[in-house]
Every structure is written in structure tokens, then in C-alpha cells.
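Below, each chain spelled out in residue letters.
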Amino acid sequence: MTVAVGVDSGSTTTKVVVLVNGKVACTTSAVTGPDPAKTASLCIDKALSECGHTFREISCLVATGYGRERVSGATRILTEITCHARGAHAMVPAARTIIDIGGQDSKVIRLDERGFVQDFIMNDKCAAGTGRFLEVMAARLQVGLDEFGEEWGRARGSVKISSTCTVFAESEIISLISAGVKRPEVIKGLCNAIAGRVASMARRVGIEPAVVFTGGVSLNEGVRRALEDALSQKIVVPPMSQFMGAYGAALFAQDLVE
Amino acid sequence: MLLLTTCSYIPIEIPVALGIPARRAFPRGQKPVAESYVPRDFCPYSRAVFSLAKELEDTSEPGLVLAIAGSCDAMRRVYDAVRMYGNVPTLFVDVPRTGDDLAVGYFASVLRRFARELAAQSTGQATGEEELEERLWRAIRLLDDLRDVAKNYADMSSSSSQRLEMLFALERYLGMKDMEDAERAGTDGLVEYLVSEGFVPGEMKSLTEDGPPVILTGTYCLDTSMAEALDECGFKVAALDSCWGIRGLEPGEVQDGGDPFLALAGAYLRKTPCPRILQKDARILALDKLLDDNPGIRGIVYYLPKFCDQGYYDYVEVKTFAKRKHLPLLMVEGDYGAGKWAQTKTRLMAFLELLEQG
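As you go down the protein sequences, you meet chains A and B in turn. With the first letter of the first sequence counted as 1, position 47 gets the number 47 in this note's numbering; the numbers rise by one all the way through. With the first letter of the second sequence counted as 1, position 146 gets the number 146 in this note's numbering; the numbers rise by one all the way through.
Chain A extracted, bound-state conformation (with noise of 0.2 Å):
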């Protein structure tokens, strides 16, 4: 028996995927907060105990993430950018360019057939383009995360949101919202806008098909459609697309095993 875990310690959440005999037995996630090792470390726990193991049984573990090299135990640590590539092309074995987007960074990666990385991009130093940006407009709006995509569908037009900076695009929401700009329109834009923002990424590294989707953001259906529009291309949202990282690094730790 193999028990190949990996690991990825993202800057909001850490997600731990377990491999049993290469197969899928479990998946965990949490929010990192200011302790990475620690909450790495509770996750691989958790994760181990639902599937019946523990830690003593683990074959290989492989870290990736920002938080990659506090992760205690590991036996190899990757980057979040060729772990991402190795899982979503394992699950979409068609994907030439990954589009992520996390909590608090966006990345395009372009992979050729055999799921090596060509080209990555990535923004990691401003909170437009990724889920926090999401998150910040959402509590503004007073409306769940999971509810955009059914805003988007309500919605009969929408509205240009011109910042491009997160603080900026809150004070013009509210300006939208006191124009009496209903909620639906303002959420559309707000999809616009980071997916432009991220297409606009995706054509500096140049994009194939098929685009998949992955990262905590790819579950938001409103910005999938967004995405889907500003790239005139069909996005593949996989399954357990916000684990993808941690699939990844599960995917090397097995084929360290064998």
C-alpha cells in the first residue's frame, strides 16, 4: 500500500489531497491563518484520520504553495505553478493553459501535450484579479460568494467597473449602488472586471485550448461565464479544480513512491 500526500500551503487556504494507492481517498482544505506549518500540519492529520491512516504510513509528501517550505516532513517541495500544471493536465489531459486564481494571487500557465509547463505568469502583488478582490465586493454587497453566479444570471446588463484597484472599485461600487444600480449589474461587472483583468494576463502567455479553470475562485460561477466571454473560449472548471495544486503535488509524491 502507498499513501502519497500532497500539500499546498496557499497564502488564505491550505489544501492537503491523499493518494492511496494513487487513487484519490481524500481531501481536506482550512484557512492557513498566521501559523502555516501548524495548520499544514492539522490538515494532513485530518485528512489522514478520514481516510483511516496516519501519519507514520505516509509514502511520500509533497509541499507546494507559498507556505511550501514550512511544511514539516516533506520529502520533495515544488512550486505551486508546476504542481497546478501536473494536476490539472492529469485531470484534463486536453488542457494547454491553466488559468488559477487563488485567494490572493492569479496565475496563467501554458502547458504543451505532455503537461510541461511552456509559459506561467503570474500576480502576486496586488489584490485585483484574485479571490480577494471577490471577497472584499461581496461583503460590500452583503451576498455570498456561491450566489454570484445566479446574480449573473439575473442580471440585464451590466456595468463598467474602470478601477483596476481593489480599495478604488469598492468606492465606485458604492457610487453604482447609490446611483441605484441594481445588485445583479454590479456583480456582472465586477466579473468583467477581473476576468479582463486576468484574460488580459492570459494573452501575454498566449492562450490554447482547452482552458481550465482552477483555484477557490473557479467554483465562482459568475466569473467562470466573465472568463468565458472576455476569452471566447469554453473554460473547464475540473473536478476538485481548487485542489489542483495539492492533486499535483500528490501526483509527484506518488511518482516518487514508485
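FYI, nobody ran anything at the bench for these hints, they're computed from the structure. Just so you know, these numbers come straight off a predicted model, no measurement behind them. Incorrect hints may appear among the rest.
[Unchecked claim] Selected chain B positions facing chain A (Cβ under 8 Å, derived; list incomplete):
1. T224
2. L291
3. A342
4. T346
5. R347
6. A350
7. E353
8. Q357
[To be verified] Straight-line alpha carbon distances no greater than 20 Å define the calculated EDC-like cross-link-like pairs of lysine to aspartate or glutamate that follow:
9. B:K151 <-> B:D188
10. B:K325 <-> A:D119
11. B:K323 <-> A:E147
12. B:K319 <-> A:E208
13. B:K323 <-> A:D112
From the three backbone atoms N, C-alpha and C, an ideal C-beta is built for every residue, glycine too.
With chain A's structure known, arrange chain B on it following the hints.
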């Protein structure tokens, strides 16, 4: 007197000929003082040079002179700001953007004026034209020999930051001696000095012998942090295309005889070009030469100080070049200390993984 220069296009041969110690200004970063005088969206180096000029006002060292090269619009603006708001003797050396005969003739006149102004700042130095020209030819020949030694030693070192600092080591050596002493000591004198500075052949082991060889290029390195980060991540930095690296140690061939200013102007304008000079064709030829000189290069890391306009233009050209050569390219944009940032290291590690998987 001590001359501080801001650019590798200011020939060190001139202060050496005048017996004036000179070295490259090496500001460690931008200070709040720059906020009031230089726009925030200016390149970090320009802002740091302005900060340095303000700091020099408080220094107790007498006879400091700052030479600012008009290497780009930002530096030209810094010169204006230092002249308007500063209190440090400052000379301006305009640098043309091409290497054609007209530009060389103009640059020769700029250098001649620079030499006159520099001599005027100093006292008791040779200012007669004939004597100055004779001394300048001697300085040119001396620097030719010493740069060869420095370059050989730089090539022997495995530490990228040590290689970047070779130019400073050469300048420190020249600052300790007058030209006659340096001539008498010859290349052996420099070798002795370099060894005393830790450049010991055979003891400079490679940090990253097995790493994928890459070129580090861009407009300006700002500091050694990016080179150090490349070493730490496990790249083998085969070529440091920087004004502290090869651009500073490989001026073009100086045509012997005649007007030394004209010869120097030609050699400097036709040296391995800095992207700030916007000699697009020469720049690509120089990159091509780097690939020829360093077979097996696997990728290019382009370091771009933020807000460096010339760098953004140059990056597009380098990207096209890399694509044509089927070489992966990573652009890292940053500020002073960027090599120590976690974001930079993530990009570098991801690029390393990309090269290793391919």
C-alpha cells in the same frame, strides 16, 4: 577628490588619466528624500541616485564630484533635479543612442568637455590638451590590460555576486594607485590585489555546477540580490549581461592613434550595449554572441527594475529573440532587494522546474 559615476558609458580612463580616483556610484536603495523631487513612478535606480546625491551633501569627504550620464530620460531628469535642488558638484555626460559616426563624433566632444570640467574640479592636474591626450592614451592601454585580467578572474568565479562586483574591485584598485604606479605594477599588481580580495583561482568553487545554465540580462541589476537568488535557487549563471558584468568589463576595441577622445567614444558606444541605449540590432547581436560564447544555455532570466521604460521596450525584443532561439524566458520585475522576495523566488523556482522538466 573622488569621482562617482552613474553609468558604464562614462569612461573611467578619463579620471585615471587625470589622476582622479573614480568609482561607480552604488546606491543601496531609494530613500524618502527622493519623494519630494523625483516622481514615484521613476525607475528605482534613478531615485536611488538622487537619494545618494542628497546624502553626499552631508558627507564629510571633501572633493566629491558626481558624474551623471544621460543614459535615459529618467537619469536626465535626475541630473536636472540634482542641479536644481542638490548641493553636490555634478557633471553631466550625455550619451547618444546610436553608435554611428555622427554619434561617435558628438560623444567625443562630450567626453572632451567632461575631461575639461573634471580637471577644473581638481587642482594641480594636467590640463594641457597635448599632455592630457598623451596621458589618456596611456590610461586606455592600462585599462585594456587590467580589464582583461578582471574579466578572466570574473569568469573563474562561480559566485554571481562576486562576478558582478569585479568591476568595483578593479575601480578600488585603480583608486588606490596613481596611473604611474598602476603602470609600473602592471597586470601582476591587479592579480595580487584580486587575490587579497578573495578571488583565488582554484578556490572559487562552483555553487551550481549542475544547474541549468542561464543568462541573466536586463537594464540594470540594482543590487546583487537577483544574482544571489539565481545562485541559491540552483541555476548556473553562465553570463551576467549587466553593466557591472560583461558590459562594464568589455568595452569595444579602442582604435589606436589619433584623437583619444574619438577612439574612446567609438569604443564605448560600440561596446556590449545597454538596453537603455536603445541600439536594438546591436543588442540582439550581443545576445546572440552570448549564446555562441556559452554553449548549452537553457534559458534567459530578464530582470527589469520597475518603471524602467527602456526595459519594457527591450523585453519585447528579447522575448522575440528567445522565441526564435526556442529558449524559455522569465521576466522578473522588481526593486532593490527583489532577489530576497518570496514572490521572486517562487518565479525563479518555477522557472528552474520548467527547465528541468524540459
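Okay, the hints, checked on the actual structure:
| no. | hint | verdict |
| --- | --- | --- |
| 1 | T224 | violated (22 Å) |
| 2 | L291 | violated (20 Å) |
| 3 | A342 | holds (7 Å) |
| 4 | T346 | holds (6 Å) |
| 5 | R347 | holds (6 Å) |
| 6 | A350 | holds (4 Å) |
| 7 | E353 | holds (4 Å) |
| 8 | Q357 | holds (5 Å) |
| 9 | B:K151 <-> B:D188 | holds (14 Å) |
| 10 | B:K325 <-> A:D119 | holds (15 Å) |
| 11 | B:K323 <-> A:E147 | violated (43 Å) |
| 12 | B:K319 <-> A:E208 | holds (19 Å) |
| 13 | B:K323 <-> A:D112 | holds (15 Å) |
In terms of the numbered hints stated before, the structure departs from hints 1, 2 and 11, listed from lowest to highest.
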